[in-house]
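Q: Sequence:
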Amino acid sequence: MNEIPRRAMLSATAGFAAAGALPSPLRAQVPPKLTIDIVGNTLGIHIPAVYAFREGLAKIDGNPPPDLLRIDKLPVIVQSVVSGAANVGDGDVITALRAAEAGADLRIIGLGFGTTSLVFVANADRVAMLADLAKPDRTIAVNTVGDFTQAMLIGPLLKAGVDPSKVTFIEIGGSGNRVKALLSGKVDAVPIHIDQADEVLAKGHYKILLKPWDVYDTFFGEVIFVTGDFLAKPANRHAAVDLIRAVVLA
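So the sequence shown is residues 610 to 859, counted in our numbering.
Since the hints were made in silico from the structure, they are not lab data. Careful: at least some of the hints might be erroneous.
[Unchecked claim] Below 27 Å or equal to it, Euclidean Cα-Cα: the simulated DSS-like pairs (lysine-lysine) are:
id: 1; residue 1: Lys668; residue 2: Lys775
id: 2; residue 1: Lys775; residue 2: Lys795
id: 3; residue 1: Lys744; residue 2: Lys812
As the structure is a computational prediction, the values presented were derived from the model and not from experiment.
Could you put together the complete structure from these sequences and hints?
A: This is the structure we're talking about:
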């Protein structure tokens, strides 16, 4: 599994901090209390960023602890930030980029984590290989069609000669909800986190069908983003710098 070197991330964050450095009088002002939308389930890979949000930020320069709201559907995190309902989103990179491409004033300011722990787990009685996913009676649950939980599968499908348009995808937000759907037999394959996969494999005839790090040299899953309007206020820029510092140091 490839990761962005920690030293490189620290260097990049230091540059971000320098670029956003504020005059000392402004630093004396009360920092804004942030509202941050995060994904619905916290697994091992999420722990550093969630710790940074819950506790790390409050240890830097007098920032108040932010309000965190868990959101199962990844596009809702983007919509919430774009609408101003949340100041910061920690969500899907593809959904954020697509929103920006469509005209949303989104700015990616950091990474929730530098890789992914998602794997595709399948019912081994019904899915032995990638080609089986295209069978008409097979169903694959992703968080949202078009987001990174689906995109991570497209490359391997094409490489295996499978037409992705032949695959039946449905949407189930939250990896915990997808685990339940797989175990109940409602779907045949799901993207879930590796620590969840270990539990699933112990409960029946299931297999890990795909590990993205075996396929992609670099795979970004979740990014931290805000709007340009939010960054227009110096105090908010300062808070954004402190937030990324907290994540990198977590």
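Q: Are any of the numbered hints broken by this structure? If so, which, sorted upward?
A: 1
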